[in-house]
Amino acid sequence: LNGSYLTPRLRINKVLPYFTSHTETHVSPKIDSSRTHVNYEVKEDVAVIRMNDPTSKVNTLSVQMQNEMIEVFNEVLANDAVQSAVLISSKPGCFIAGADINMIQACNTSEEVTKLSQEGQKMFARIEKSPKPIVAAINGPCLGGGLEFAIACQYRVATKSKKTVLGTPEVMLGLLPGAGGTQRLPKMVGIPGAFDMMLTGRNIRADKAKKMGLVHQLVDPLGPGLKSPEERTIEYLEEVAIQCAKGIVNKKISLTKEKGMMQKVQDYVMGIEFVRQQIYKTVTAKVMKMSKGLYPAPLKIIESVKAGLEQGPDSGYLAEAQNFGKLAMTSESNALIGLYHGQVACKKNRFGVPERPVKNLAILGAGLMGAGIAQVTVDKGIHTVLKDTTVEGLSRGQQQVYKGLNDKTKKKTITSFERDFTLASLTGQLDYSGFEKADMVIEAVFEDLNIKHRVIKEVEAVIPPHCIFATNTSALPIKDIAAASIRPEKVIGMHYFSPVDKMQLLEIITTDKTSKDTTASAVAVGLKQGKVIIVVGDGPGFYTTRCLAPMLAEAVRLLQEGVDPKKLDALTTGFGFPVGAATLADEVGIDVAAHVAEDLGKAFGSRFGGGNVEVLKTMVEKGFKGRKSGKGCYVYTPGLKSKDVNPDIEDVLEKYKLTPNPLVSSDSDVQYRLVSRFVNEAVMCLQEGILNGPVEGDIGAVFGLGFPPCLGGPFRFVDTFGANKLVEKMRRYEEVYGNHFTPCQLLLDHAKDSSKRFHK
Amino acid sequence: SQRMLKQTLFNLLKKTLAKPGVKNIVLVEGVRTPFLLSGTTYADLMPHDLARAALQGLLHKTSLPKDAVDYIIYGTVIQEVKTSNVAREASLGAGFSDKIPSHTVTMACISSNVAMTTGVGLITAGQCDTIVAGGVEFMSDVPIRHSRKMRKTMLALNRAKTLGQRLSLIGSIRMAHLTPELPAVAEFSTAETMGHSADRLAAAFGVTRLEQDEFALRSHTLAKQAQDAGLLSDVISFKVPGRDTVAKDNGIRPSSMEQLAKLKPAFIKPHGTVTAANSSFLTDGASAVLIMSEEKALAMGYKPKAYLRDFVFVSQDPKDQLLLGPAYGTPKVLARAGLTMDDIDVFEFHEAFAGQIMANLKALDSDWFAQTYMGRKVKVGAPAMEKFNLWGGSLSLGHPFGATGCRLVTTVAHRLLKEGGQYGLVAACAAGGQGHAMVIEAYPQ
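Protein chains in written order, with UniProt numbering: chain L, 1 to 760; chain A, 1 to 445.
Misleading hints may appear alongside valid ones.
[As the list claims (entries may be wrong)] Listed below are the simulated BS3-like cross-link pairs for lysine-lysine, each with C-alpha atoms no more than 27 Å apart in a straight line: (1) Lys43(L) <-> Lys362(A); (2) Lys332(A) <-> Lys403(L); (3) Lys269(A) <-> Lys257(L); (4) Lys412(L) <-> Lys269(A); (5) Lys319(A) <-> Lys163(L); (6) Lys149(A) <-> Lys408(L); (7) Lys319(A) <-> Lys359(L); (8) Lys411(L) <-> Lys224(A); (9) Lys269(A) <-> Lys160(L); (10) Lys319(A) <-> Lys227(L); (11) Lys43(L) <-> Lys269(A); (12) Lys152(A) <-> Lys412(L); (13) Lys66(A) <-> Lys99(A); (14) Lys210(L) <-> Lys99(A); (15) Lys152(A) <-> Lys408(L); (16) Lys239(A) <-> Lys411(L).
[Stated by the list, open to error] Here are the computed distance ranges between Cβ atoms for each label pair: (17) Glu181(A) <-> Met290(L): 38 to 44 Å; (18) Glu181(A) <-> Val275(L): 47 to 53 Å; (19) Arg356(L) <-> Gly338(A): 31 to 37 Å; (20) Lys211(L) <-> Val185(A): 23 to 29 Å; (21) Arg174(A) <-> Glu614(L): 37 to 43 Å; (22) Thr40(A) <-> Gly434(L): 54 to 60 Å; (23) Lys641(L) <-> Glu181(A): 35 to 41 Å; (24) Thr221(A) <-> Pro192(L): 39 to 45 Å; (25) Lys403(L) <-> Ala18(A): 38 to 44 Å; (26) Glu181(A) <-> Lys160(L): 21 to 27 Å; (27) Lys403(L) <-> His146(A): 23 to 29 Å.
[Unchecked claim] A few chain A positions that, by computed beta-carbon distances, are all more than 12 Å from chain L: (28) Ala18; (29) Gly21; (30) Lys23; (31) Ser63; (32) Glu80; (33) Ser97; (34) Ile100; (35) Thr118; (36) Glu181; (37) Ala229; (38) Val240; (39) Glu294; (40) Lys362.
Calculated from the structure, these hints are not laboratory results. Keep in mind it's a predicted model, so treat the numbers as computed, not measured. C-beta: ideal position from N, C-alpha, C; glycine also.
Input sequences plus hints: build the corresponding full structure.
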């Protein structure tokens, strides 16, 4: 399935892995005050405060970390031998990855969360006012509460390592930086810069952070010496930070930075109230446009910043703490945090370590999909063969891989040398030479069972016995494809989403015969490719396509009932989908949609009805195949972002016109007709065992199909909205349209018993 | 004399590195122009002029007939596009017979090492008996190019047929296209300048600023002593057209630790440790050596200075181990020659940066480094400082990239003669993360 349309909002989730939580319970410290997380030693007159959470791979601002930090800080202040301090993590590659989410989730009321926020504010205020300068020495992620801690310090030194990123990702969890971030950042990086950081939550690399004024000094990562590079780099960072701390004390380093001309002009402009008001207005309008008002966190961030700047710090800090408390209790935050946990879970291989790692991967078909898979594989140290049947097809695919890497070079995330070096692992070819060394073959040829059968036979004749055959299909049942295989235990489905380099989801499909090791291997490859993975059972449309089909069928019916494509899009995006249903059909491809609708219609019968498939077929006949053909529901003009409704579809819709029933055609009913069919099908997939659990169901729907992230996925939506309320609505639609809206048994069970929930 | 006695004793105690069935190859003579800070007296020359001067000096010093050479090879790094085969232009200009083929090689700071070992290969293979190898670098003038866009337009202009086409091409030129491209001493693969990498290397090995400044001061002090004592006998005097005769290196400046400490870091600011004073400087200069098979040399009546024995080229990660060539090359060449660190009497290492030298010495002296990165069981140990670069080095004498290798080899030969040692070892690092090491054996006197 194609999902280029989903990317802008979903990409935000890429940073989430840095935001961490503890699932382990802390061993409570013994009565003696031996500290386990924070300690310090005095070097000359500098206290080097070292953090290291022994229970986790990353440091988080857990209760224990905070308590020990306060204890150490008090000792440092009281120690007359100490003039200044350096704050550093002794964990390789991680400064502080954020606050402990569980700490927030353990609270029951917004007041409790507000209190947490205020405690954080208080601690950082003490750091900020410390008479002994504190230098934060940053290596690895410095995010969320970690960043707020760092910016409360007097000076920041960071390594230029690729792992070092600074940012405030709270907004992606439906929260705000609740420990002074909304108050300090605008002063540090300017109002526009601060809004950009806090509203997008994006990661900022060290060099950029230096330019923005977020860090004062950079330290280069070191190579091999008399110790391992990682160990020595941290040591070096500490040495430089100690020099800085001493420099501040003996006034060789000034904390009041000389302002440049541009800075002075900017400060002057930002000093004008009218200008500030304009900024708030513009930013708010932009947020409203992008979030459709469905996400409260960005607005609360703006509110908190504004309170601080316009009414002074007291009001600002209070607003921040109160808004933080309010946000923590919202269903949106709950949904986003759920997605975060789900994503972490779907980044693990629950099938164990495969018997042999995939070192040589061959991809059949150099189309958008095949080349996209090559693109995300070749830079992971896997030798990749891209095979096509024509020179033209192959060249196009190779160019796509090159362009993907070259764009990274242009953005300076990799050097031209790294690009070339990576490309050296890609072999383009037209024959099966070298396939005897392949550990896995992923076919991405045309979606036609006969072609897939021919390919599987050809491939099995040349690959070694251990080689896995993965098929990339969005709807063909894997067991049907595997029917042509002489070793079905090695056959598996790997359903990628287009564009492969942007879409995070990978849906892996196993048949009854697929071996556990085959699955483990496919998951391992997918994880290497950076994917979030759901593993589902075989069946027509698997999970994702199966959920999408009834929703699209409903969308076609709505078009037939006279709902304008633009209106249809507005209603779906208004519900939280990143892209409207009509645009979605165009993106997926009207021909693909027709194909899927027909196939799944045959498999599932009248339940998948609704819109008339002939509408789609007629459109295809007329050449309206969607974006790829330039016309579908809309007309696409290259280079233009805006699009007009395709005037020629009116005839088609006129031909298949249906009369809407006013009882179920209000805007809200239109939305729920679309969503309820999606959700019901998802629940049915769980009921039938296609899905392993609701977590994978939510992740697949949000990351693969753009189900509204603020709702957290179909299962969380049922929990939050109430299964009984949903069933009630569906019954009303059922009366008009019949079995298209018949709730499945599992949904009925949940409706009957409100204590039944998909998520605990 | 006492020296003869000492030599005989050595020869009795230490074996020769001659191998059965392998030709003995000897260094007959080595010379170099004075190495000058770029932009000084050589400023108006071209690279081949410097190479010519070295070649003529070699001819003069050896009384070699101008047609007695089989092949001439030169090393260089930054090429003057007009004389891209600088070996050929220099040998013709130096008056060698036009029947002698010559080619130019490049391998960054070990280019003349490659020129010499190429000659060794030709002699070993029985193709040649007499080789002149050398190196030249001229930093007073480097090729500065138009931007790629401008070059493209200019090349298109060449092909334009009509006035209209020409005018439209000229019209397409923008101010930004006029920005020139300067050559940088930076790695292509990593875009990092060498000084920056050296600073990181020093930090990785925990080399302090003090250690670096001390080593730089040592280099300048020893160079000054050697210069004053007349030990730098490879330096020929050169009458620069339109200028004075140059007879001495002009970059030797023994200073004080206080002075050195005042300098700010040149590459990593503000906390770096590599400064202008503890780095080698941009230098103009050329060198040349006469290499022959032992038989041929003796037949022609020459008294060889040394045997050129085992050599290795090594390469490693161009980012984090850019300048560790000596650390990798030294154990490898010692193993090939069947020698230990203690067997070596004379060390001549190329001093790119004081920090780089110190890092290499620490790497050689570390078991952990030997085990983790070189696949060795134990370290070979660091060279004894009383044998190390005793007549100065690249930090003080200067470092014309392409010419330094021949200087190192000639210096080893001269020091072996002077100090009466048996074996010498040359080691050098080069851009690209490469390196070279060679064992040199004294010729029985």
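Satisfaction of hint between Lys403(L) and Lys332(A), Cα-Cα up to 27 Å: violated (42 Å)
So Lys23(A) supposedly isn't at the interface. Is its beta-carbon more than 12 Å from every beta-carbon in chain L? Given that every Cβ of chain L is farther than 12 Å from that of Lys23(A), nearest at about 39 Å, it holds.
Has the given pair, Lys319(A) with Lys359(L), been kept, meaning a C-alpha gap of at most 27 Å? Answer holds: Lys319(A) to Lys359(L) is near 26 Å, not above 27 Å.
Sort out whether Lys227(L) lies within 27 Å of Lys319(A), counting only the CA atoms. Given that 27 Å is the threshold and the Cα spacing comes to 17 Å, the pair holds.
Would you assess whether Val240(A), listed as outside the interface, keeps its beta-carbon beyond 12 Å of every beta-carbon in chain L? Non-interface label stands for Val240(A): nearest chain L Cβ at 40 Å, farther than 12 Å.
Going by Cβ atoms, does Thr118(A) stay more than 12 Å from chain L at every point? About 28 Å separates Thr118(A) from the closest Cβ of chain L, which puts it past 12 Å; holds.
Could you grab the alpha-carbon distance between Lys149(A) and Lys408(L) and see if it respects the 27 Å cut-off? Status holds; Cα separation ~22 Å.
Confirm or reject the statement that Ser63(A) sits farther than 12 Å, beta carbon to beta carbon, from all of chain L. holds (49 Å)
Examine each Cβ of chain L, and state whether all of them lie more than 12 Å from the Cβ of Ser97(A). holds (44 Å)
Take a quick look at whether Lys43(L) and Lys362(A) sit within 27 Å of each other, Cα to Cα. holds (25 Å)
Hey, Lys43(L) versus Lys269(A), does the alpha-carbon distance stay inside 27 Å? holds (23 Å)
Pairwise beta carbon distance, Thr221(A) to Pro192(L), judged against the given window 39 to 45 Å: About 57 Å separates the Cβ atoms of Thr221(A) and Pro192(L), which means 39 to 45 Å is violated.
When each numbered hint is compared with the structure, violations occur for hints 2, 8, 14, 16, 18, 19, 21, 24, 25, 40.
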